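K.L.:
One letter stands for each residue in the lines below.
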Amino acid sequence: MADDNSVGAPLPQDGSARQLPSGSDRGDEKSSGFWSDLFAPVAGFGVSFSTMFRKVATEEYPEKPRPTAPRYHGRHQLNRHPDGLEKCVGCELCAWACPADAILVEGADNDDSPDGAGRFSPGERYGRVYQINYLRCIFCGYCIEACPTRALTMTNFYELADNDRGKLIFTKDQLLAPLQEGMLQPPFPMAEGMNEKDYYRGKVSGPTDGQREYVDARDARIDEEMSQ
Amino acid sequence: MSTHTESTDPYATGIVDDEAVADAHVFNIEGGDWDDLVDEATSLNEERIVVNMGPQHPSTHGVLRLILELDGETVTEARAGIGYLHTGIEKNMEFRTWTQGVTFCTRMDYLTPLFQEAAYCLAIEKLLGITDDIPERASVIRVLMMEMTRISSHLVALGTGGMEMGATTVMTIGFRERERILGIIEMITGLRMNNAYIRPGGVAVDLPPGTIDAIRDMVPKVRKGIGELEALLNENPIVKGRMVDVGVLDLAGCMALSVTGPVLRSTGLPYDLRKSDPYCGYETYDFDVITRTSSDAYGRLRVRIDEMYESLKIIAQCADRLQDNPGPVMVADKKIGWPAQLALGPDGLGNSLDHIREIMGESMESLIHHFKLVTEGFRVPPGQVYQAVESAKGELGCHLVSEGGTRPYRAHFRDPSFNNLQAVAAMCEGGMIADVIVAVASIDPVMGGVDR
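Chains as they are written, first to last, in the UniProt record's numbering: chain A, 1 to 228; chain B, 1 to 452.
Hints are computed from structural coordinates only; laboratory data are not their basis.
Just so you know, these numbers come straight off a predicted model, no measurement behind them.
Note that CB positions come from ideal geometry on N, CA and C, so glycine has one too.
A couple of the hints might just be wrong.
Claimed, not checked - Selected chain A positions facing chain B (in silico; Cβ < 10 Å):
no., residue
1, Phe34
2, Trp35
3, Gly44
4, Tyr61
5, Cys98
6, Ser113
7, Gly123
8, Gln131
9, Asn133
10, Arg136
11, Ile138
12, Leu152
13, Thr155
14, Phe170
15, Gln185
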């Protein structure tokens, strides 16, 4: 067989279904006509010429940056519940999922007692330390897929270059989303009558009066201490 | 070719004569007057020169080092020096879960990320024995992504290959058209390259709304762009003068060196894994395997161009199938399927609030699955498997060995660039030094894949 069919010979001869398809040899296809044949060698000039009258494809990057796709994997953001409590519960799933070991999380207990450190998130724990090392991050997005509370999301911001390695380790205060209209600054207790699960079920739509009073009292107390 | 060897192996390096090496003149160019160096070299009456082309040479596709022995302008011996981009990806994969491995293998051949992901995931699925359980829609999306990757890779191959011959317009048009493809890929995966989109059991996330329309909008534009490339290249007398009968490697040579992909198909053998050993349902798509018979760089150029048209045909068929098939994109087995349900919101991309409600508010079972899969991953039965896909460059194989744990015991990739690069010596020796550039460009090696 090797003599009369050199094409088939080197293939595995195991008799399996590895059948070669019939190739489509375009080598000797018929040309499209006399004139196009005549001008084929210089057809490229036509391309260059017509390109002069087309919209320029170049991006004017620093002056006019083009928006990314909505799903773009950009800088991370730590989100808040509608009342202002942090969504991060310090579970470290993002750090576990990260293939590049770029995330450091240290959780701590929320404390509702009068002299305690306070409550930063619904539930038992919150993320006390949260760092993302953008020198290591490969923007694969596994962390946001791992996050069980949608605390961690990726925005479309991508201008992350810097000339100082230290500045590229982002800490929690840089990653945490700013307070939106109506949100309160933690620490403060959960909304009255709500528990942790109610937050995840979407039953909390904003801060309650009780929470506002607590935060006002807390801030007044801090102001007093500062002025003394 | 080599005058100083008795070996019957035509590809063996000549016998090294230590004395001759010690006596040889070595010229190190470290500043100074070029004429002085030339005078010194001419005074020796020696024509034989060994030149290191690369690893920092703009036309060697990254960090390929070509060691060329020259007699005047004729290459008498050519060797490829590799390893300058070794990143230890395969070793790293042994220390990550099966799912995390996707983010590593996608970075091997950085122009064809989705092929590595597909080969790796298909291999895992074969080991798990769930190949038939992969949802139809996931397979169609995989095919769609792979074919778009094939076009973008071929466009880079033509573009950079053209630029290395001095045809900058070919490069700009190639990259302009590639941008349309990357736009769609970014729309779907959120990244332009290194996507980590194909996952064991399916794909990471379903297509966003409007994708099918965007694809249908893109296909004719890219077809027109490829037409422009054809007008620039096909009958261009300079291109033909540089490429016809350059870098010739016939079928026997390809077989001896296990060369695959467009290089092999340019010899006339219609060997394409999509037809000969189908995966992801390729047997159900209507497309042709492109071949040429010239076995030279020009034949490879034409094979690549025609293959892009075939890929566009497949993409159009994928779009039709995706329209009719709303199905899931991840395997139903909750012990394997990656638990994420991504959704866009004003705060960016993250797990959907429905998924959060399910795992945090309703079902402790789901929460346990989520934690188990993310921290530990799934276990894969002991054994080994080989799965090959037809990458843009040739047969991309993935060999996985499992001990039964949550991470591979060994992950090895047969990258087509690596095998094809062996053909440099056979293609270049006896030719002119200018033809080396064309021959290497026609192989289209990507050093990220060669060195891994």
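K.L.:
With reference to the structure, classify each hint as holding or not holding.
P.N.:
Checked hints:
Given hint, Phe34 (chain A) at the interface with chain B, is violated; its Cβ is 14 Å from that chain's nearest Cβ, farther than 10 Å. Interface restraint check for Trp35 (chain A): the shortest CB-CB distance to chain B comes to about 13 Å, outside 10 Å, so the restraint is violated. Hint status for Gly44 (chain A): holds, given a least beta-carbon distance of 4 Å to chain B, under 10 Å. The interface hint given for Tyr61 (chain A) is violated, since its Cβ lies 13 Å from the closest Cβ of chain B, which is over the 10 Å cut-off.
At its closest, the beta carbon of Cys98 (chain A) sits 8 Å from a beta carbon of chain B; the interface hint therefore holds under the 10 Å criterion. Interface restraint check for Ser113 (chain A): the shortest CB-CB distance to chain B comes to about 25 Å, outside 10 Å, so the restraint is violated. Restraint check, Gly123 (chain A) versus chain B: the minimum CB separation of about 9 Å is within 10 Å; hint holds. A hinted interface residue such as Gln131 (chain A) counts as satisfied when its beta carbon comes closer than 10 Å to some beta carbon of chain B; here the least separation is about 19 Å, so the hint is violated.
Hint on Asn133 (chain A) is violated. Least Cβ distance to chain B is approximately 16 Å, over the 10 Å limit. Look at Arg136 (chain A): its Cβ only gets to about 12 Å from chain B, farther than 10 Å, so that hint breaks. Checking Ile138 (chain A) against chain B: minimum C-beta separation of about 6 Å stays under 10 Å; hint holds. At about 6 Å, the closest approach between the beta carbon of Leu152 (chain A) and any beta carbon in chain B falls short of 10 Å, and the interface hint on this residue holds.
Satisfaction of the interface hint for Thr155 (chain A) is found here, the shortest Cβ-Cβ separation to chain B being roughly 4 Å, below the 10 Å cut-off. For Phe170 (chain A), the interface hint is violated, since its Cβ never comes within 10 Å of a Cβ in chain B; the closest pair sits about 15 Å apart. At about 18 Å, the closest approach between the beta carbon of Gln185 (chain A) and any beta carbon in chain B exceeds 10 Å, and the interface hint on this residue is violated.
In this structure, the earlier hints numbered 1, 2, 4, 6, 8, 9, 10, 14 and 15 are contradicted, and the remaining ones agree with it.
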